[in-house]
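Spelled out from the first residue to the last, the chains are:
2 protein chains.
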Amino acid sequence: MEIQEITASGLKPQEFIQEKAREIAATVGDGVAINALSGGVDSSAVTMLGHKALGSKLKTYFINNGLMRKDEPEQIVSLFAKFGVKVEIVEAQEKFFQALKGITDPEEKREAITQTFYKDVFGKLVRESGAKYLLQGTILTDVDETVAGIKRQHNVFAQLGIDPQEVFGYKIIEPLVQLRKDGVRRVAEALGLPKSTFNRMPFPGPALCARVIGEVTPEKINTVRIATAVVEEELASSGAFQYMAILHQDRVTGIRDGKRDFGLQIEIRCWDSIDARNAGPTRLAYEQLDKLVKRMVTEVPGVVSVTYNITAKPPSTMEAI
Amino acid sequence: MEIQEITASGLKPQEFIQEKAREIAATVGDGVAINALSGGVDSSAVTMLGHKALGSKLKTYFINNGLMRKDEPEQIVSLFAKFGVKVEIVEAQEKFFQALKGITDPEEKREAITQTFYKDVFGKLVRESGAKYLLQGTILTDVDETVAGIKRQHNVFAQLGIDPQEVFGYKIIEPLVQLRKDGVRRVAEALGLPKSTFNRMPFPGPALCARVIGEVTPEKINTVRIATAVVEEELASSGAFQYMAILHQDRVTGIRDGKRDFGLQIEIRCWDSIDARNAGPTRLAYEQLDKLVKRMVTEVPGVVSVTYNITAKPPSTMEAI
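So the protein sequences, as listed, match chains S and W.
For the first sequence, the working numbering gives the first residue as 1, with consecutive numbering after it.
For the second sequence, the working numbering gives the first residue as 1001, with consecutive numbering after it.
Among the clues, some could well be false.
[Said to hold, decoys possible] Which residues of chain S face chain W? A few of them, derived with a C-beta cut under 7 angstroms, are:
no. : residue
1   : L284
2   : Y286
3   : V293
4   : I310
[What the hints assert, rightly or not] Rough simulated footprint, nothing fancy, chain W against chain S, three-plus residues with beta-carbon under 8 angstroms:
no. : segment
5   : 242 to 250
6   : 258 to 267
Bear in mind the hints are in silico, worked out from the structure with no lab data behind them.
Cβ coordinates follow ideal geometry from the N, Cα and C atoms, glycine included.
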């Protein structure tokens, strides 16, 4: 089934919200729905839409997979509490790290996270809650890239011919699937979410797992988490579409205290883009890059080398893996 | 034994040349000496010094280890022919690639090259030539970094307590060991070498092997050779101290013809430096970086991502491995 795109310029946010809330309410009926909130603009908009449509019939969870950024769980719970939305944190770090153990292939990493999320952690929650509906923030770009075989998003099933009801035991509702990122931002703003949310830069489904090349371990996630915090602090005022730190598996020679140190390399990417379909590296001033490097090599344990990605998308993608 | 440094400003090139030529002639006496020319400023200066001191009693070889840059062997032979120096090319690619097979550790790669060079290829030449002396272009920075344990140069033995006479069967003469790179350039100029040689940027002993992270194969050397040619063409007029392309082992996601391509990443380094002890990334214009990237992703097979190194030395080193 062809998805009918709604462009940001053609979108009427309030009408869209009313229509989607009606649709969600009609679909769920007397039942209970469930959704996982990551704090990104997509899942935040879906949570607000679901809350508007279903009130307390929507149960919202934040799955702490151990792959999130610094302080994220606490910040998200406190933001949504202001809107009267209760978000329950589910601690599932060990399950995810166990599932990721020994895996180096990016597609297999995504698959391990998908399986752990849907079959194990979320499947259990759905069974216990009695919910038959899952609200999800899939957008049109996710569908395009998955169908094209560029990247396997963790939340696109129907387009790949997989029936989630059959496989996972529940029906998925995707109210944002006709929109691209710019449209979702307008909807999120119209839903009353703060600018820090509706203008928040994209963050991948597999979270910091997508920022570690090679096997994912708690130590590597800790390293890239610190590097991510540095990049996000330093580039917050850059006006860029998205910025990130990537921990490489390759090691490079460095010098520490006059001695050789075969250390870590962090790659920084900072993108100018409208809708993530095409992107180019932001032309950051070298003074700013110097400052970033100085913090990286002093604050992130083991880092001796920092690079800046200078490739456009295509042939690059926004994320490294 | 402490080496007495001669700084570039304290150096009198013509006196230095006369003195070193006398020393070499006195040491070698009626014997025959041998040297390996790589075409870099150090080995070119040593070749000219040796030729001045010994004439036809010096045999000069270019060892083609399969790790050199595009067209290097031919260019070097034709340059020295102009000075009446006959350079013999020794084809040894297969031996080096065989020795490098399966090795990923940078120190072990250097060691494999050292052993193949001195014990196998060069040892054989020395035995056949009857030469008892090897002229070599070691400079003070090589000694410093090897002794400090930062990097294992392939040509520093005495300082590590290794007697090359005992181990390899010949005595090593190192006429440039009191100089740093800036001093060597003045000596090379005074020896009549062209600017393209005396101002030539440094290139590592292990050649393109130092520009491949992980196992070295003929295919990877071919890839980094093309990337190196692109970087050297594009940055020739940059005025930088040294510039290079590094092929990573890590693979990253890219897009080719609308499909996912799990491809190669090239890291570009371009250094501002006086003498290689300290260095900083050259502040190349983004227009220039864009042009470099465009060539990399179209001319170098499999490349989907290019980064620019933005770290200073220290904590980085000039070369990646």
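Numbered hints the structure breaks, given as an ascending list: 1
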